Amino acid sequence: MDASLHTLDIKSPAFVNGGLLPTVYRREGLNMNPGLKVQFIPSETRSLAVVLKDVDAPVSPRIHWVCWDIPVSEWIRLNESRGINGVNDFQLSSYTGPCVMNSRHKYFFYIYALNVRLCLPASSPSYRFFKLIQPHVLASGSLLFFSITD
Numbered sequence: 016m017d018a019s020l021h022t023l024d025i026k027s028p029a030f031v032n033g034g035l036l037p038t039v040y041r042r043e044g045l046n047m048n049p050g051l052k053v054q055f056i057p058s059e060t061r062s063l064a065v066v067l068k069d070v071d072a073p074v075s076p077r078i079h080w081v082c083w084d085i086p087v088s089e090w091i092r093l094n095e096s097r098g099i100n101g102v103n104d105f106q107l108s109s110y111t112g113p114c115v116m117n118s119r120h121k122y123f124f125y126i127y128a129l130n131v132r133l134c135l136p137a138s139s140p141s142y143r144f145f146k147l148i149q150p151h152v153l154a155s156g157s158l159l160f161f162s163i164t165d
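If you use our numbering, the sequence shown corresponds to residues 16 to 165, in order.
Treat the hints with care, since some could be wrong.
[Said to hold, decoys possible] Estimated spans, in silico, between C-beta atoms of each pair:
| id | residue 1 | residue 2 | range |
| --- | --- | --- | --- |
| 1 | V115 | V31 | 17 to 23 Å |
| 2 | S96 | P57 | 23 to 29 Å |
| 3 | F55 | A29 | 17 to 23 Å |
| 4 | E59 | S118 | 40 to 46 Å |
| 5 | V74 | L159 | 19 to 25 Å |
| 6 | N130 | N94 | 25 to 31 Å |
| 7 | V115 | P57 | 17 to 23 Å |
| 8 | N94 | L20 | 28 to 34 Å |
| 9 | S118 | S138 | 31 to 37 Å |
| 10 | S138 | N94 | 20 to 26 Å |
| 11 | P136 | N94 | 19 to 25 Å |
| 12 | R132 | Q54 | 18 to 24 Å |
| 13 | S75 | V131 | 24 to 30 Å |
Note that these hints are calculated values from the structure, not bench results. Keep in mind that this is a model prediction, so the values were computed, not measured. Glycine is no exception: its CB is placed at the ideal position from the N, C-alpha and C atoms.
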């Protein structure tokens with residue numbers, strides 16, 4: 016990330032940074048995204064995007080959720096329905112929460128403040144999203160959680 020970019024502050028009422036994601040937000044629960052509070056959004060922001068990534072997936076990081084063109088707001092809502100859901104690594108255009116595994120995995124919610132609306136079709140895969148946002152990111156931030164305790 017460019018050092019001249021701003022950093023977003025991301026929090027959730029559902030868990031603390033570095034904590035455990037409650038079952039309700041997992042696949043074995045209600046499989047819906049938790050609410051995320053976004054602070055320090057630059058005034059030039061035209062849309063937000065959110066990504067949920069498992070950085071400890073066995074082969075390579077796995078995208079569980081990618082959503083763009085979210086209206087600018089301090090909240091990404093519980094079970095967010097605004098914006099466009101792209102195709103995640105499970106070939107679904109929706110949030111796909113973590114599932115209980117035998118090992119501890121580290122996950123991040125990444126949020127991007129963009130100076131444009133991307134207007135990508137929902138059928139777009141995450142790699143296309145990542146390629147297109149590069150010149151449009153005004154600020155970004157992340158929030159960490161773990162799948163299970165040690």
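State, for the Cβ atoms of R132 and Q54, whether the hinted interval 18 to 24 Å holds or is violated.
-> Because 21 Å falls inside the window, the suggested range holds.
Between V115 and P57, does the beta-carbon spacing fit 17 to 23 Å?
-> violated (38 Å)
In this structure, is the beta-carbon distance linking S75 and V131 contained in 24 to 30 Å?
-> holds (28 Å)
Outcome for the supplied range 17 to 23 Å, where the beta carbon pair is F55 and A29 = holds (20 Å)
Does the Cβ-Cβ separation between N94 and L20 fall within 28 to 34 Å?
-> 29 Å Cβ-Cβ, so the 28 to 34 Å window holds.
Within 31 to 37 Å or not, the Cβ separation of S118 and S138?
-> Hint holds: Cβ distance 33 Å, inside 31 to 37 Å.
Does the Cβ pair N130, N94 satisfy 25 to 31 Å?
-> holds (27 Å)
Assessment of proposed distance window 23 to 29 Å (beta carbons of S96, P57) | holds (25 Å)
Note whether the CB distance of S138 and N94 lies within 20 to 26 Å or breaks it.
-> holds (22 Å)
Does the Cβ-Cβ separation between V74 and L159 fall within 19 to 25 Å?
-> For V74 and L159 the Cβ distance comes to about 21 Å; the hint holds.
Has the hinted range 40 to 46 Å been met by the Cβ atoms of E59 and S118?
-> Since the Cβ atoms of E59 and S118 sit about 41 Å apart, the hinted range of 40 to 46 Å holds.
For V115 and V31, compare the CB-CB distance with the range 17 to 23 Å and indicate the outcome.
-> Check passed, 20 Å falls within 17 to 23 Å.
Checked against the numbered hints above, the structure breaks only hint 7 and satisfies the rest.
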